[in-house]
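Colleague: Between the sequences and the hints, there should be enough to build the whole structure, so can you do that?
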Amino acid sequence: MINIKSRFSSLTLFLLKSGGVYAAWQLVYDLVVLPDGRVDTWLSITGVKLAAAGLSFVGWEIETAGRFIACIGNRGVEIQNGCNGMNLLGLYAGFIIAYPGDLKKRMAFIAGGIGMLFIANVFRIAFFALSNLYYPQYWDHVHQWSSYVFFYPIVLTFWYLWTTLSDHTDIFSGASLSSA
Amino acid sequence: MDNPERSYRYLFWRQLIISLIAIGLVYILFIRPIQSFAVREFILPAFDSLIKPDSDILTGTAWVDDGFNISSLSNSFPSISIEVPFNGYFWLAMAMIWPAKNKRFGRIIWIYNWVLFLIMPIVAISIINGFTWLAPLANVHDKVYKALFMILGVLAVREADELLRD
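Which chain is which? The protein sequence lines are Y and S, in order.
For the first sequence, position 45 (counting from the first letter as 1) is numbered 45 according to our numbering, and the numbering increases by one without interruption.
For the second sequence, position 1 (counting from the first letter as 1) is numbered 181 according to our numbering, and the numbering increases by one without interruption.
Since the hints were derived computationally from the structure, they do not count as laboratory data.
Honestly, I wouldn't trust all of these hints.
Straight-line C-alpha distance at most 25 angstroms; calculated DSS-like pairs for lysine-lysine [stated by the list, open to error]:
no. : chain 1 : residue 1 : chain 2 : residue 2
1   : S       : Lys232    : Y       : Lys17
2   : S       : Lys326    : Y       : Lys17
3   : S       : Lys283    : S       : Lys326
4   : Y       : Lys104    : Y       : Lys17
5   : S       : Lys281    : S       : Lys326
A few chain S residues facing chain Y, derived, Cβ under 8 angstroms [to be verified]:
no. : residue
6   : Val320
7   : Val324
8   : Met330
9   : Ile331
10  : Leu335
As the structure is a computational prediction, the values presented were derived from the model and not from experiment.
No residue lacks a Cβ here, since even glycine has one placed at the ideal position from N, Cα and C.
Modeller: Below is the structure:
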């Protein structure tokens, strides 16, 4: 019988595992979650409601209708399924699932990170509404680059923190590194 | 009093932040506009010319401008985006790998981007020619390779920080 662990390095195994987790998530998302729409719709509408509540709380006049949000008298923004950060949650969790570590800490890290990404998405939606009010001419750029500003710093930071917390340095390429 | 370990680590993290900002700016201001121009003026028209007039296939640059999307008028397959190699995910990963001086990870990402020059046109031409079952697989590939690029970037940073700590 082939011993997979002895044939591949820890890094290769980890990358294969990550790739498998992402592939499975993407297939489930594309073929089940997105067509079904319920989770995406909930995420979009909840994000819009929370963003509207936050903006109203700090003094802006906001109107919402389902997945639409607008500063009163201005063009609205529609948070469509597939553009609401849902995919990012899978991207984030995939790494934490594939990278070795304690199960309880892993679950806490997944929940914490997803919570942070959800909050970041609320800020992103609020930012969309405000950018449409003040800088509507830059909408395309704001929409295009928003993920890089709101999501990726959180994803990359939490991934990094997970690698330090789980302390499995045998994944790295250098043979000189070992677990403490 | 100087603490060499702390200094090296401090320099590394400073270099990493500078790299992320500098490469991000170069990408946004120069690379992406060039890629968008190439897609708009040359790549998309070339692929458009392969689509038959009565085809169910629709192409456009609705969601991406450093690539193009292929979708079905009758929704017979999920829409996919064909992005040019050396896109934002390459630069994001490299912005982390260069300061970490991790040649191994850099080489993997570099080579894979050259391979994408083969994969992307083959996928696009195949779907245009009716092999629409490739669309979900293309979507999976799109997400997986981008995620793996970012993972290699983070691991390079982590490894460099660990070495400097030791």
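Colleague: Work down the list of hints and note, for each, if the structure agrees.
Modeller: Hints and how they fare:
no., hint, in the structure
1, S:Lys232 x Y:Lys17, "violated, 40 angstroms"
2, S:Lys326 x Y:Lys17, "holds, 15 angstroms"
3, S:Lys283 x S:Lys326, "holds, 19 angstroms"
4, Y:Lys104 x Y:Lys17, "holds, 20 angstroms"
5, S:Lys281 x S:Lys326, "holds, 20 angstroms"
6, Val320, "holds, 5 angstroms"
7, Val324, "holds, 5 angstroms"
8, Met330, "holds, 7 angstroms"
9, Ile331, "holds, 6 angstroms"
10, Leu335, "holds, 6 angstroms"
The structure is inconsistent with hint 1 alone, although it conforms to all the rest.
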